[in-house]
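Visitor: Chain by chain, the residues run as shown.
Number of protein chains: 2
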Amino acid sequence: MTLYIVGFGGGSHEGMTIEAENAILSSDIIVGYTVYADLMKEIFPEKEFFSTPMMQERERVRYALEKACECTVSLICSGDSTVYGMAGLAYQMSDGYPQVKIVPVAGVTAALSGNAVLGAPLTHDFAVISLSDLLTPYEKIECRLRCASEADFTIVLYNPSSKKRSDYLKKACEIMLQYKNEDTVCGYVRNIGRKEEESRILTLGELKDCCVDMFTTVFVGNSQTRIINGKMVTPRGYRDV
Amino acid sequence: MTLYIVGFGGGSHEGMTIEAENAILSSDIIVGYTVYADLMKEIFPEKEFFSTPMMQERERVRYALEKACECTVSLICSGDSTVYGMAGLAYQMSDGYPQVKIVPVAGVTAALSGNAVLGAPLTHDFAVISLSDLLTPYEKIECRLRCASEADFTIVLYNPSSKKRSDYLKKACEIMLQYKNEDTVCGYVRNIGRKEEESRILTLGELKDCCVDMFTTVFVGNSQTRIINGKMVTPRGYRDV
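If you read the sequences in order, they're chains A and B. Numbered according to my numbering, the first sequence spans residues 10 to 250. Numbered according to my numbering, the second sequence spans residues 10 to 250.
Treat each hint with caution, since some may be false.
Identical copies look the same in the list; a pair holds intra-copy or inter-copy alike.
[Claimed, not checked] Derived pair list, reagent style BS3-like, types lysine-lysine, alpha-carbon separation capped at 30 Å: (1) 204 to 172; (2) 173 to 110; (3) 110 to 204; (4) 240 to 179; (5) 149 to 180; (6) 50 to 180; (7) 217 to 149; (8) 179 to 76; (9) 76 to 56; (10) 149 to 56; (11) 179 to 149; (12) 180 to 56; (13) 179 to 110; (14) 50 to 217; (15) 110 to 76; (16) 240 to 110; (17) 173 to 240; (18) 180 to 217; (19) 56 to 172; (20) 173 to 204.
No lab work stands behind these hints: they were computed from the structure.
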């Protein structure tokens, strides 16, 4: 049977693709992290859900693969199905389930939905970096921050903070400030596409001393990014005036 | 009035978000590049369209801003509304149109839709780079390729080729090969989400000698990317087995 790995976007019905909606509607059971399952229950109250708490990704994927041996399943992820999502893990764990067809359904990841809230910071080349060092050595994250800053990418930071990592955004800003000007236009969006959505545009110098939580996505402009009528806008290139 | 800048994804109805569909349905006129307007005409045959050929982006945005003084307009972009799209330019040209409210509508850019076709290459940190040097000095592109490779990002290449730049992908691969192994898992997808969609998974060494066209999006894995059951999969981190 089919196991859809569905990226549902920010969490509103409007932010989903029609393909994602169709996948969920055609599934016998929807599997996901409790918070995301609750969001989707509001949109699809007639569907059957199975949810597990945070950090139990492997158990969730295993359950979805088992279920997909007998019926059609959607494993749901916020944003995209792959970007810091579950599709990769599903493929990695798919040995032993040859009868299950894995179908990733792309969704609007926070880099894109947050971008639309702030204006147009991601017009040109960009790099996406997670500050979580749960599965990645911190030195690798630091190297990526350095290299992306040196090459003047617009940078999107996922997982900028958590209880255990409350100073990670500050440390990241200090690294970026070695290459980027402290006046670099930055922005962040919290709870993208949800009722409590909030956003702010500020400088890299100000961002360094900001407290953000794990529901926040942070945008650090390139050298050309500017504020136009209160929006964060990156031009299409370096010759584009 | 409102000027929606709508990213419609790959071009199929399924690949659009519900928000994008609603924006188009609520608009009095849809403005876009001829090829994209033709794609949307198939889905929304009852709507009024205005299209201009390639390269006439400024004329198109000017027309959309003028029209939006009197009615609701959607300016359409393939993929996302901002990523190598028109939202930034619309903000840049919006002086003199204080009565027009610009609303970017995020969409599934080729990095995400192509990712879902290939498997899950973008599970972890990634960089998006356009090889077009129309508005960006070639040295800047080269610097980004170097820095992104050095930091072991998965790299997505947009605009990998054109008639005038037929050797750019080869040159890009040669730069990446200075940092990445020639066995690095790569993939490309052509005409994502359209009838003629085709994809291939290959090594970086093979990619160097490949001919691709401007409708192709190229994915270059990080050091952990592997092939699982014919799919291109990047694990969630460096400690994730």
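Visitor: It remains to establish, for every hint, whether it holds in the given structure.
Guide: Hint check results:
1. Taking the shortest Cα distances, residue 204 and residue 172 sit within 30 Å of each other inside one copy (23 Å), while across copies they are farther apart (47 Å).
2. Neither within a single protomer nor between protomers do residue 173 and residue 110 lie at most 30 Å apart by alpha-carbon distance, with minima of 38 Å and 41 Å respectively.
3. Taking the shortest alpha-carbon separations for residue 110 and residue 204, only the inter-copy value of 21 Å comes in at or below 30 Å, while the best intra-copy value is 35 Å.
4. For the identical chains of this complex, residue 240 and residue 179 are intra-copy neighbours only, at 24 Å inside a copy versus 37 Å across copies, given an alpha-carbon limit of 30 Å.
5. For the homomeric pair residue 149 and residue 180, the shortest alpha-carbon distances inside one copy (14 Å) and between copies (26 Å) are both at most 30 Å.
6. In this assembly of identical chains, residue 50 and residue 180 lie within 30 Å of each other by CA distance neither inside one copy nor across copies; the values are 38 Å within and 49 Å between.
7. Taking the shortest alpha-carbon separations for residue 217 and residue 149, both the intra-copy value of 20 Å and the inter-copy value of 27 Å come in at or below 30 Å.
8. When the C-alpha separation of residue 179 and residue 76 is checked against a cutoff of 30 Å, the pair qualifies neither within a copy, at 43 Å, nor between copies, at 45 Å.
9. For a Cα distance limit of 30 Å, the shortest separation of residue 76 from residue 56 inside one copy, 15 Å, qualifies, whereas the shortest one across copies, 43 Å, does not.
10. Proximity of residue 149 and residue 56 under a CA criterion of 30 Å is satisfied in neither setting, with 41 Å inside one chain copy and 50 Å between copies.
11. Proximity of residue 179 to residue 149 under the C-alpha cut-off of 30 Å is found in both arrangements, the shortest distances being 17 Å within a copy and 28 Å between copies.
12. Proximity of residue 180 to residue 56 under the C-alpha cut-off of 30 Å is found in neither arrangement, the shortest distances being 44 Å within a copy and 51 Å between copies.
13. For the identical chains of this complex, residue 179 and residue 110 are neighbours neither inside a copy (43 Å) nor across copies (35 Å), given an alpha-carbon limit of 30 Å.
14. Taking identical chains as interchangeable, the C-alpha atoms of residue 50 and residue 217 are never at most 30 Å apart, the minima being 37 Å within one chain and 47 Å between chains.
15. In this homomeric assembly, residue 110 and residue 76 come within 30 Å of each other (Cα to Cα) only inside a single copy, at 12 Å, whereas the closest approach across copies is 47 Å.
16. Proximity of residue 240 and residue 110 under a CA criterion of 30 Å is satisfied inter-copy only: 12 Å between copies versus 43 Å inside one chain copy.
17. Taking the closest pair of Cα atoms, residue 173 and residue 240 never come within 30 Å of each other, the shortest separation being 32 Å inside a single copy and 35 Å across copies.
18. For a Cα distance limit of 30 Å, the shortest separation of residue 180 from residue 217 inside one copy, 8 Å, qualifies, whereas the shortest one across copies, 38 Å, does not.
19. When the C-alpha separation of residue 56 and residue 172 is checked against a cutoff of 30 Å, the pair qualifies neither within a copy, at 34 Å, nor between copies, at 50 Å.
20. In this homomeric assembly, residue 173 and residue 204 come within 30 Å of each other (Cα to Cα) only inside a single copy, at 27 Å, whereas the closest approach across copies is 48 Å.
The structure is inconsistent with the numbered hints 2, 6, 8, 10, 12, 13, 14, 17 and 19, although it conforms to all the rest.
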